[in-house]
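Chains A and B, in that order, give the protein sequences.
Just so we're aligned, residue 1 is where the first sequence starts under the numbering used here, counting upward by one.
Just so we're aligned, residue 99 is where the second sequence starts under the numbering used here, counting upward by one.
It is possible that some hints are incorrect.
Derived SDA-like pairs: lysine to any residue, alpha-carbon spacing no greater than 20 Å straight-line [what the hints assert, rightly or not]: (1) B:Lys429 x B:Gly200; (2) A:Lys78 x B:Gly188; (3) B:Lys429 x A:Ala19; (4) A:Lys78 x B:Asp548; (5) A:Lys94 x B:Gly188; (6) B:Lys429 x A:Pro84; (7) B:Lys457 x B:Pro204; (8) B:Lys394 x B:Gly356; (9) A:Lys78 x A:Asp60; (10) A:Lys78 x B:Lys457; (11) B:Lys196 x A:Ala45; (12) B:Lys214 x B:Gly334; (13) B:Lys429 x A:Ala83; (14) B:Lys457 x A:Thr49; (15) B:Lys214 x B:Asn143; (16) B:Lys477 x A:Ala45; (17) B:Lys457 x A:Lys94; (18) A:Lys78 x B:Phe205.
Sample of chain B residues with no beta-carbon within 10 Å of chain A, all distances over it, derived [stated by the list, open to error]: (19) Asn130; (20) Asn250; (21) Asp354; (22) Asp492; (23) Gly562.
Just so you know, these hints were derived from the structure itself, not from any lab.
Beta carbons are placed, not taken as given, at the ideal position from N, Cα and C, and that holds for glycine.
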Amino acid sequence: MADPILTSDDIRHVARLAALRIDDDEVEMMRTQLSDILAHFQTLAELDTEGVAPTGHTTDAHSVMRDDEEMPALDREKTLANAPFVDGEFVRVKPVLE
Amino acid sequence: MTESISQNYASARDMRAKLDSGNTTARELALNHLQRIQETEKHTNAFLTVLDEEQLVTQADAADALIESGNASALTGIPILIKDNISTDGIRTTAASKILDGYTPPFDATVVSRLKDAGAIILGKGNLDEFAMGSSNENSAFGPVINPWGQNRVPGGSSGGAAAAVAAGEATIALGSDTGGSIRQPASLCGVVGFKPTYGTVSRYGLIAFGSSLDQIGPIARTVADCADTANTISGRDPHDSTSLDLEIDFAEYLDRGVDGMRIGVPREYLVEGIEPGVRSAFEASLGVLEGLGAKIEETSLPLTDHALAVYYIIAPSEASANLARFDGVKYGMSVDGEPNARESIEATRGIGFGAEVKRRILIGTYALSAGYYDAYYKKAQQVRTLIRREFQDAFQEFDALATPTSPTVAFELGEKTQDPFQMYLSDVCTIPVNIAGLPGISVSCGLSDGLPVGLQIIAPQLGDRVALQVAHAYEQSANWKLTPPEL
Numbered sequence: 001m002a003d004p005i006l007t008s009d010d011i012r013h014v015a016r017l018a019a020l021r022i023d024d025d026e027v028e029m030m031r032t033q034l035s036d037i038l039a040h041f042q043t044l045a046e047l048d049t050e051g052v053a054p055t056g057h058t059t060d061a062h063s064v065m066r067d068d069e070e071m072p073a074l075d076r077e078k079t080l081a082n083a084p085f086v087d088g089e090f091v092r093v094k095p096v097l098e
Numbered sequence: 099m100t101e102s103i104s105q106n107y108a109s110a111r112d113m114r115a116k117l118d119s120g121n122t123t124a125r126e127l128a129l130n131h132l133q134r135i136q137e138t139e140k141h142t143n144a145f146l147t148v149l150d151e152e153q154l155v156t157q158a159d160a161a162d163a164l165i166e167s168g169n170a171s172a173l174t175g176i177p178i179l180i181k182d183n184i185s186t187d188g189i190r191t192t193a194a195s196k197i198l199d200g201y202t203p204p205f206d207a208t209v210v211s212r213l214k215d216a217g218a219i220i221l222g223k224g225n226l227d228e229f230a231m232g233s234s235n236e237n238s239a240f241g242p243v244i245n246p247w248g249q250n251r252v253p254g255g256s257s258g259g260a261a262a263a264v265a266a267g268e269a270t271i272a273l274g275s276d277t278g279g280s281i282r283q284p285a286s287l288c289g290v291v292g293f294k295p296t297y298g299t300v301s302r303y304g305l306i307a308f309g310s311s312l313d314q315i316g317p318i319a320r321t322v323a324d325c326a327d328t329a330n331t332i333s334g335r336d337p338h339d340s341t342s343l344d345l346e347i348d349f350a351e352y353l354d355r356g357v358d359g360m361r362i363g364v365p366r367e368y369l370v371e372g373i374e375p376g377v378r379s380a381f382e383a384s385l386g387v388l389e390g391l392g393a394k395i396e397e398t399s400l401p402l403t404d405h406a407l408a409v410y411y412i413i414a415p416s417e418a419s420a421n422l423a424r425f426d427g428v429k430y431g432m433s434v435d436g437e438p439n440a441r442e443s444i445e446a447t448r449g450i451g452f453g454a455e456v457k458r459r460i461l462i463g464t465y466a467l468s469a470g471y472y473d474a475y476y477k478k479a480q481q482v483r484t485l486i487r488r489e490f491q492d493a494f495q496e497f498d499a500l501a502t503p504t505s506p507t508v509a510f511e512l513g514e515k516t517q518d519p520f521q522m523y524l525s526d527v528c529t530i531p532v533n534i535a536g537l538p539g540i541s542v543s544c545g546l547s548d549g550l551p552v553g554l555q556i557i558a559p560q561l562g563d564r565v566a567l568q569v570a571h572a573y574e575q576s577a578n579w580k581l582t583p584p585e586l
């Protein structure tokens, strides 16, 4: 088998980008498994896609603007009931800036 | 089989006839199903939430009143299971993930409001692979679903609970979601019918997003006609989903037209690698049935099929990595306490809350979208996606529909593929191209191999949903399998 495509540092870097805490055992498992999966993707390089427009969506959907009208929003009580930490009408979060 | 159980295996159309003629009531159907669920769940684990008797009776009495007043429609009084990645107002919705622990949506998905408006009976929520990522239902935080056809067999995934519940007589119809085969593959493995409509025909509002350009809600049922009726109930433009199409389609319109003179292509790339001999022979026999009904069956070639899996496993995880960024333990779900700041708290919550397969896909997707790799992976995959769409468009110049096996294998054993993610991904090799191109596809049972169900997949052009249903219905009526799993 060829050298794995990804290093442990690659996995740690991507996990940081994804805000995902993973332990050393997971890093090693993901390095092996993701390298194997990425190896299968290399076949795409064989295809000539010069000048081919990418497909983001299969319908002709385009961005639409709705009229700026008042509409009912989600029920505040039911919505806040789902938040793990609440203070009155607010959702509590840990400090973002220290 | 006792009469009440055999009644639980009736189609929705048969139940409709009995309801409308006064031979049964929505209340009786709902309570029979509740009893069946209570007896069967220890074998299947198909439900994550079952509504209680009072909740069912309230819905059923409203349905009976609707029937009494002459205002019943196709699904009034019909017992339905909702896959648990579809939001239900006031009923917990887990996506089979620990990270949504304690979450109760404050709103209904559009498909759920439409079912409620039609007077359908919602029985509960169906087990699935976490966030619909998987092909065996073994990625559920609430334990795997067991295929009613074999106690050591997977039901397929990710809509494993939906397919198993319909197969086991616990629900008449189930709503699933299909990003790469998650309706059709489990329907195939459980011996029921699964229909993925054309992308955009059914609103995704309230579906917990996985791959937004691929996800589509659709029905799992016992008959093709029941799938058409369900699609009619849940489809149509929805202002809450800007990708929903403004079209009026009667999905049942072509059901009885037969296949005489139709041209059906069989792409040879779907019949090569890894296909089990029993699947191949059941599939070939089904082509004989269609030929006997007057269809012209011809071999064809879709050479890009071999690249579809790579395209899918770049695009779907990329979209998933963005969609799943919302799960941060702040607004809903579980949250790890005791971390010093927001960043650490979010990382810890996601590290504990997500299972291994979800983490794998978030990491693949984040990698494919990251600086330096975007062009080689994500953009390349989107370009090949264009080529795959064109290849299908060309094929549909020649053929009315395409026929393939739904899955290269019958239901495999629990644990057989969990150690090798790529082997698991190959389970969807026949269904994935349909999502990449946004096409309609349906899986209908075409017999058994070693006592386990095999599925025939019919693929039609974009918005050719009625044609896919037409071919599948003609086959189903002629083959007349009426598969019922062994009594649990």
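Of the numbered hints stated previously, which ones are contradicted by the structure, given in increasing order? 4, 5, 7, 9, 10, 11, 14, 15, 17
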